[in-house]
Amino acid sequence: SQTIHQWPATLVQPVGSPLSLECTVEGTSNPNLYWYRQAAGRGLQLLFYSVGIGQISSEVPQNLSASRPQDRQFILSSKKLLLSDSGFYLCAWSVVGGPSTGELFFGEGSRLTVL
Amino acid sequence: QKEVEQDPGPLSVPEGAIVSLNCTYSNSAFQYFMWYRQYSRKGPELLMYTYSSGNKEDGRFTAQVDKSSKYISLFIRDSQPSDSATYLCAMRGSYIPTFGRGTSLIVHP
Numbered sequence: 005s006q007t008i009h010q011w012p013a014t015l016v017q018p019v020g021s022p023l024s025l026e027c028t029v030e031g032t033s034n035p036n037l038y039w040y041r042q043a044a045g046r047g048l049q050l051l052f053y054s055v056g057i058g059q060i061s062s063e064v065p066q067n068l069s070a071s072r073p074q075d076r077q078f079i080l081s082s083k084k085l086l087l088s089d090s091g092f093y094l095c096a097w098s099v100v101g102g103p104s105t106g107e108l109f110f111g112e113g114s115r116l117t118v119l
Numbered sequence: 003q004k005e006v007e008q009d010p011g012p013l014s015v016p017e018g019a020i021v022s023l024n025c026t027y028s029n030s031a032f033q034y035f036m037w038y039r040q041y042s043r044k045g046p047e048l049l050m051y052t053y054s055s056g057n058k059e060d061g062r063f064t065a066q067v068d069k070s071s072k073y074i075s076l077f078i079r080d081s082q083p084s085d086s087a088t089y090l091c092a093m094r095g096s097y098i099p100t101f102g103r104g105t106s107l108i109v110h111p
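Residue numbers (my numbering), protein chains in the order written: chain A, 5 to 119; chain B, 3 to 111.
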């Protein structure tokens, strides 16, 4: 069966510090991968998605970046965090192609507080 | 107008009640419709996945899609305190879904 792991679960970072959130998927090959941010009362905001190694699409211009160094690994990064980067970050995967393409499977999330 | 509208609630009901959660949308291209449940401080989990108009039932849950009205619903029968969570609707035309803001549901004993 497929599983998705996301870490760290919680982190508190000072403004201006770097960020690295990591996500890995097991039990499937060549998944679509996604990073979402969920702010209180604002729903899920798609940040990045990837259809393959090295292929990243950005949905929202900001100081965050994403990378996919391996087929089942997705990393969210920042060189300098802003207060507005605080939130709940979710990694997700989906199969590629067919009607199930839109079924997203989410990780447990990473709660980031920038002080 | 947002593509997907969902009342954030909270919706508070007694145990055993029938719950109705709803979303409206504006994009006629949406063909696939989903409901996710999210417990506090956890990632969303997929509950129901339907294609086009009609009903789909899974245990105590029924998903209903009315494409002519651009309106989708999730019904929960015999609600339990363990159903207390945020319910997000999602829908897609291409392969990236658009999410509603989520409705907070509280089922009290």
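You may find that some hints are simply not true.
Chain B side only, calculated, beta carbon under 10 Å to chain A, not exhaustive [as the list claims (entries may be wrong)]:
| hint | residue |
| --- | --- |
| 1 | Tyr38 |
| 2 | Glu47 |
| 3 | Lys58 |
| 4 | Lys69 |
| 5 | Phe101 |
Here are the simulated SDA-like cross-link-like pairs (lysine to any residue), alpha carbons at most 20 Å apart as the crow flies [to be verified]:
| hint | chain 1 | residue 1 | chain 2 | residue 2 |
| --- | --- | --- | --- | --- |
| 6 | B | Lys44 | A | Thr14 |
| 7 | B | Lys69 | B | Ser54 |
| 8 | B | Lys44 | A | Lys83 |
| 9 | A | Lys84 | A | Leu23 |
| 10 | B | Lys4 | A | Leu50 |
| 11 | B | Lys4 | A | Gly45 |
| 12 | B | Lys58 | B | Lys44 |
| 13 | B | Lys72 | B | Ser14 |
| 14 | B | Lys44 | A | Gly91 |
| 15 | B | Lys44 | A | Gln49 |
| 16 | A | Lys83 | A | Ser71 |
| 17 | B | Lys44 | A | Ala13 |
| 18 | B | Lys4 | A | Glu63 |
| 19 | B | Lys44 | A | Ser71 |
| 20 | B | Lys4 | A | Leu51 |
| 21 | B | Lys44 | A | Gln59 |
| 22 | B | Lys4 | B | Asp60 |
| 23 | B | Lys44 | A | Ser69 |
Quick look at which bits of chain A chain B covers, simulated, 3 or more residues with Cβ under 8 Å [said to hold, decoys possible]:
| hint | segment |
| --- | --- |
| 24 | 42 to 56 |
| 25 | 107 to 116 |
Calculated directly from the structure, the hints in this document are not laboratory data.
Note that the Cβ used here is the ideal one computed from N, Cα and C, for glycine as well.
Worksheet item: Are there hints from earlier that the structure breaks, and if so, what are their numbers?
Response: 3, 4, 8, 12, 13, 19, 21, 22, 23
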